[in-house]
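**Q** Chains as they are written, first to last, in this note's numbering: chain G, 1 to 387; chain H, 388 to 688.
If you're looking for bench data, these hints aren't it; they were derived computationally from the structure.
C-beta: ideal position from N, C-alpha, C; glycine also.
Please note: incorrect hints may appear among the correct ones.
Said to hold, decoys possible - Here are a few chain H residues that face chain G, going by a calculated C-beta distance under 7 Å:
# : residue
1 : ILE427
2 : THR445
3 : PHE447
4 : MET452
5 : VAL466
6 : LEU470
Given next are the chains, with one letter for each unit.
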Amino acid sequence: MTVMIDTGNYIAAKAAVMARPAVVPAYPITPQTTLVEGIANYVKTGEFKGEYICVESEHSAMCACIGASAAGVRTFTGTSSHGLLLMHEMLHWAALARLPIVMCNINRVIGPGWNIWTDENDSISQRDTGWIQFYCSSNQEIFDTVIQSFKLAENKKVLLPVMINYNAFILSHTSMPVYIPEQKEIDDFLQKYKPQWKLDVNNPITFGNIILPVDYEKIRKDMQNSQENAKKLIPEIAKEWKKKFGRYHGDLIEEYKCDGADHILLAMGAIGAESKVSINNLRKEGLKIGLARVRTFRPFPNEEILKLGKQADLIVIDRNISIGSEGALFSEVKASLYGKSDTKVHGFIAGLGGKDVTYNDIETICRKVVEGKAKDCEWYGFEGGGK
Amino acid sequence: MAIKNLPVEECMIPGSAACPGCPATMALRIVFKALGKNTIMVVPACCTAVIESLYPNTSFDVPVMNIAFEAAAAGASGVEAALRQQGKGDTTVVAGAGDGGTYDIGIQALSGALERQTNFIYICYNNQIYSNTGIQRSGATPYAAWTTTTVGGKTEFRKEMGEIIQAHHIPYAAQACVSYPEDLYNKLKKAKSIKGPKYLEIMAPCPPGWRFGMEKTVDMGIMAVETGAWALYECENDVVTFNGKSKLILEEKIQRKPIEEWIKQQGRFGHLFKPKKDVTRIKTIEDHTDQIWKRYRKKYL
Ligand SMILES: Cc1ncc(C[n+]2csc(CCOP(=O)(O)OP(=O)(O)O)c2C)c(N)n1
Ligand code: SF4
Ligand SMILES: [Mg+2]
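So here's chain G without its partners, still in its complex pose (with noise of 0.2 Å):
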């Protein structure tokens, strides 16, 4: 084990390596470009012995990555918002080839106008390609997610590609201390690369061709309860690495001094982190407030959120809008209570555009709510005038 102090991008990129794909093709766009740098210098290190392709877009960096799974290897990219939006098509096409493909995704805010900070709008508005969607809090759960999303991935129960997002600058350029296992316990832990299917001149078989509703249908089912078998490897994974590295990140969800909570907050990524110095202190002020910090936005966790919610009234803030609707973490807590729990649940839309949201912030949002003074659903620190 060493301790590696570098930014979220370049532990994401010695994560990666250190997971032995055989195929990396990539294409720059900020904040990941550090990312992609990262792995194409280690390509000169010799630390990198599989191929990095430079391809042309996004979109030919997924399609490229769906031509190498399927043909039997293990592949990684990176990319960021309009670079996500780009693969959009291809997001489809890997789940539903059931590549188990690990992607990074730096959150980032979608233009116009161009703005390289952090909101989350690029990958919720990929919820719904079937990939597995993990929310980072820190560099070090970053690199533990990387590692362990191939395990999950490849897992014949899953057979899904897993994006790890974690914020533009907050994490993707800053720099913090992170303990790096040695490349055989990383083995130990990721054994090769076994397809479940591939391409093979020896088994020719079409792979996507002109399907019947009927068997279509078996395929969107079968991509449900992979991710429905994915709630219950995603804790079982994260076990086994804390019982090997002694670190561990929380399951679906990370939960943070929830016993006897009143009132817990939900939020994902960076605010999630912030959020625990907001934790602290209002606890020092006596309000019993917890934290649960959403990890897995798909597959999402109904049955934690449930939990919750028969204990405490929720607060949830989301760095994302689905406009014409509300966040969508508040949109799925509320549906996860639905008919089971009628706990209030009070959302915030916060951070937009890459507006910081401070532990000072947070703890304004709280104390709005436990003092009663909250709507329903409300834009936190609005310098806009109007409603």
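Dock chain H with the ligands against the given chain G, drawing on the hints supplied.
**A** Relative to chain G, chain H with the ligands alone:
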């Protein structure tokens, strides 16, 4: 290679869902004969994705990966890299796309793969339309041709994909036609023997798309070559060599037949002949074809 000496093995097996007289099926038969069973094929959205037949059946006896419309070359790049990583670099990776997937929506991915020197064969079977979706125009549709989106006849000339490909300076590129299977076979064999990116475009007259009888596919291809509407050539390391009738036309040993003889047999040009002969547009087509050959002579003689 005489036609009777072509390998008897068939990877185009019964069960195809193609139209009768389909040029794509004829081309694929020769493609598989030339490339053999140690081949993996990548197919984007196009007629081939239908010709393959319905899941769980297939009419192809090589592994096939279907991919999105614009994605054949990028998908093939991934397959090729993965095979090499597994020590299977001897397997031929072939992308088989239509003219729409090549000239239009897929040109970016194709250009990228050629620039990257991807070791694969990109085959475009050119039926000069989007036929899968019901006969819409493509960048390969010729001037004045009717399609469902160029109802009065296309107002632009087709792209010269061959010259676009040549600008990538790849080791091998060629143009062939389904009507000349031996020539097609030989070009495929050569492509297979060369490392790096190879591009092969096959003229593929499509009976329902061009509006001619299904028994006339071969004739229609021969006419395309003899009228100079299509050229047979190879381009090896930037050296272009015309062959067959196209060579004779290039060297002016024979005159190309008037395009009119070719187009008057196709319903898609029907409006140029009925109710009244459209002399102006027919002349435009002839003049444009002459210009193309003039340019060819300047560049390649
Ligand atoms: C992104 C996208 N846009 C449009 C389509 C619809 N589409 C499928 S095949 C096709 C035309 C294919 O034309 P071509 O490549 O010439 O092949 P052909 O059908 O002639 O064999 C179109 C427009 C699609 N599948 N994907
Ligand atoms: S439309 Fe043309 S190319 Fe397509 S299957 Fe029919 S004959 Fe073949
Ligand atoms: Mg076509």
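**Q** Could you work out which of the previously given hints the structure breaks and list their numbers from low to high?
**A** none
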